[in-house]
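Visitor: Construct the entire structure; sequences and hints are all you get.
1 is the number of the first residue of the sequence shown in the UniProt record's numbering; add one for each residue after it.
Heads up, some of the hints might be wrong.
Said to hold, decoys possible - Each pair of labels, with its calculated beta carbon distance range: (1) Glu11 x Tyr87: 35 to 43 angstroms; (2) Gln19 x Leu76: 43 to 51 angstroms; (3) Leu4 x Glu68: 45 to 53 angstroms; (4) Gly69 x Thr35: 18 to 26 angstroms; (5) Ala15 x His51: 14 to 22 angstroms.
If you're looking for bench data, these hints aren't it; they were derived computationally from the structure. Note that the Cβ used here is the ideal one computed from N, Cα and C, for glycine as well.
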Amino acid sequence: MSLLINAPAVEQRLAQEAQRHGVPAEDYAVHILSTHLEPLNGAVALLQPYHATATAEEWTQKFDEWVEGHPQHEALPEGAFDRASFYEGRS
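Guide: Below is the structure:
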């Protein structure tokens, strides 16, 4: 399949981005299209953002997974939130 881009500004931007990534413009265009399109029952459909398609339960599960993926840190002592500790050494 051939694709003709009739927008010089878009074609120029595609060429610049491809060069920045060190790949031919054709390969970069395929990468961009495959990133934004996903197969759906043998057809191609526009990829919708996760929040637009996820149920509340799926959203909560993904959020919990995201939280669990971060390291646990000790809680700061209460004194860390005192105004005096912000300006320690100043008068």
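Visitor: Now tell me if each hint is right for this structure.
Guide: Hints, verified against the model:
no., hint, in the structure
1, Glu11 x Tyr87: 35 to 43 angstroms, "violated, 56 angstroms"
2, Gln19 x Leu76: 43 to 51 angstroms, "holds, 47 angstroms"
3, Leu4 x Glu68: 45 to 53 angstroms, "holds, 47 angstroms"
4, Gly69 x Thr35: 18 to 26 angstroms, "holds, 23 angstroms"
5, Ala15 x His51: 14 to 22 angstroms, "violated, 33 angstroms"
Violated hints for the displayed structure, listed by number in ascending order: 1, 5.
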